[in-house]
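Start from the sequences and build out the full structure, keeping to the hints where you can.
If you're matching them up, the sequences are chains L and F in order. The numbers in the first sequence follow numbering that gives the first Met the number 0, run straight up by one, and end at 176. The numbers in the second sequence follow numbering that gives the first Met the number 0, run straight up by one, and end at 110.
One-sided and incomplete, this derived list gives chain L residues near chain F with beta-carbon spacing under 10 Å: (1) M0; (2) D54; (3) F56; (4) K64; (5) I65; (6) A74.
Source of the hints: derived by calculation from the structure; they are not laboratory data. Every residue gets a Cβ at the ideal spot worked out from N, C-alpha and C, and that includes glycine.
Listed below, chain by chain, are the residues.
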Amino acid sequence: MKELSLHILDMIQNSLEADATRVEIRVEERDDVFRFSVKDNGCGMSEEFLKKVRDPFTTTRTTRKIGLGIPLLEAAAVQCNGKLEISSSVGIGTELTASFQNSHIDRAPLGDIAQTMVTVISGHPQVAFLYTYCWGEKTFVFSTEKVRTILQDVPLNTPEVLRWIGEYLKQGMEEEK
Amino acid sequence: MKVKQLAQTLNFELLTREDYQDCDVTGGYCGDLLSWVMGNASAGNVWITMMSNVNIVAVASLTEVACILLSEDTLPQQEVIDKANEQGIVIFRSSKTSYQLAAEVFQAIGK
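This is the structure in structure tokens:
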């Protein structure tokens, strides 16, 4: 994909399709490694499915027999001297970590991750999202559950709330930079 | 123009099985960013690329391109060729660059 945030969006969508109620997204730039992980409490994958999940001709989709989300992410990571790690347990959840050589010439830019988060929160306001961005020694954390506590009965997908979340994420990460 | 006729005219090397379904070529598409090709290549296109991992077979299958044309002597691993045969995807190869191949295909099919 042109931007890594699109891969992250794809992986979050996998989590949501696995009925996750909590998704933790972590983006990390440290030394010469760019790493992101998506961890959920969804239905998880059996050992058998986990073995073939990197194969593009494996998918849970019933409309067609090809799933390229994980294969394309793995190819992108490997191309940048990185790798894709996946661990999963049925009934517990899945954690997926992609790493890239940060300075690799083919590493796609992160892209608009704030917009990615707004998109998933807007579509799934009931899900708990935890977003962490680490840069060197610094860390920026955003939790929908903190916002939910403050807002009480106001849904997270209220347009004003989404706008605020987008701005907050953008500013928070810019300050880190 | 049919794929077979185009391949013979332009001297492409066939990497997959001989007895492929010969379909009409509707045009061409160049691209190495598979996620982008997935959304933009059209059915019946000659897809010119230098990517050679197994994901190209999946993308070709999804987009229903007429064939994959590998440029600059790209040689995929045997497992990729096996997968293509299994899925009925046709793969050709040439020593020319994607730029040259695109120009030649364009001239040969007139679109």
